[in-house]
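Student: From the two separate chains plus the hints, produce the assembled complex.
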Amino acid sequence: AQSVTQPDIHITVSEGASLELRCNYSYGATPYLFWYVQSPGQGLQLLLKYFSGDTLVQGIKGFEAEFKRSQSSFNLRKPSVHWSDAAEYFCAVDGNEKLTFGTGTRLTIIP
Amino acid sequence: DTAVSQTPKYLVTQMGNDKSIKCEQNLGHDTMYWYKQDSKKFLKIMFSYNNKELIINETVPNRFSPKSPDKAHLNLHINSLELGDSAVYFCASSRESGEQFFGPGTRLTVL
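Heads up: the sequence lines are chains A and B, in that order.
Residues 1 to 111 in the numbering used here are what the first sequence lists, from first letter to last.
Residues 1001 to 1111 in the numbering used here are what the second sequence lists, from first letter to last.
Okay, chain B solo, but in the shape it has when bound (with noise of 0.2 angstroms):
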């Protein structure tokens, strides 16, 4: 029944290790997004990508890397992790444009 899933939904990491956070969607849609939200709630869209091409990367550092195996999956891949990578990291999909249908968040924690 899940729309839009993500896992992990906690991940604590110590700073300097990579790691990868995942997404699928099982609604059908083309278009699926990586937003963070920072701990001032401030969310945040990182990249958009539909039918696996990359729309969108919002001035992100490199380290971070989406990966669209299909349609209904964009993973996110993170490199040498920084404290200011902690926040909470959500997923979302739509159909070509409006309303976007959200994950339950990752909670990243880099130490």
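Excised from the complex, chain A in its bound form (with noise of 0.2 angstroms):
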């Protein structure tokens, strides 16, 4: 069975630095990947998807995910926050037809 761990379940970062959210998978074959974002009290927005091909993916507001198939992972990175960042993400798998998320990361940003 597929399933996706986000051991994170909460991050503060401040406004301009880094960030990275770490996902990680299980399934067997090659998955589609995804990470969306859910701002409060709104649905979810994709941010980028990994299908095949190159494993570095941009997606958007900055955001990018590198697929590491030896590692089952495919964490979100970006290189400057913004205050609008502030939401949950959530990284999901697809497979048999069926999309599997994790659990969710909340991100705050600090002033």
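Don't read these hints as lab results, they were simulated from the structure.
What you were told as hints is all true, and nothing was included just to trick you.
So the derived label-pair ranges between C-beta atoms look like this:
#1 B:1016 to A:41: 25 to 33 angstroms
#2 B:1041 to A:111: 23 to 31 angstroms
#3 B:1109 to A:28: 37 to 45 angstroms
#4 A:106 to B:1015: 27 to 35 angstroms
#5 B:1010 to A:110: 25 to 33 angstroms
#6 A:30 to B:1018: 40 to 48 angstroms
#7 B:1062 to A:62: 39 to 47 angstroms
#8 A:77 to B:1079: 44 to 52 angstroms
#9 A:110 to B:1057: 37 to 45 angstroms
#10 B:1109 to A:110: 26 to 34 angstroms
All values reported here derive from a predicted model rather than from experimental measurement.
Glycine is no exception: its CB is placed at the ideal position from the N, C-alpha and C atoms.
Tutor: In structure tokens, the structure reads:
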């Protein structure tokens, strides 16, 4: 069965600092991987996705993620966070026509 | 312009009542989904429909009945509402597999 682990429940970062959110997945084949962001009271917005090819994928809002098969990871990064990045971030794996989400990481930005 | 829309946005009701949530997508996608997000922000798939046919039914109580009158609509009817049904329900749609587009969510509160 597929699964996703986001080990960090809550991360606090200073505005302008770099960010890395961790995601590990479990799936038998090469998965489709996604990062979604959910702002308070809002729906989910896709930040980026990995299907195949280049393992470093660029997304919206300056985010990027790197697929590392050897580590079963798909960590999300941003070189310099903005106050508007405060939100809940979800990693997800698509296998067997089903999207399985991690438990999310809440990002707080401090001035 | 709205890609995936849901109505209502908020729903407050008494235990034991029956209620419906409607979802429409104008993206021309073949597959639609219902997710439940609990108070801890955990997102879990409930149902998936492809071309009006039920594909995924994830151990959801049979008080929940999805109905897809056509490819663009997937409604969720809930009978005999219970306190534990309080959550945010998200509709989503996609092409056969891959990126899913989410609606804004319906916050259901059962009193």
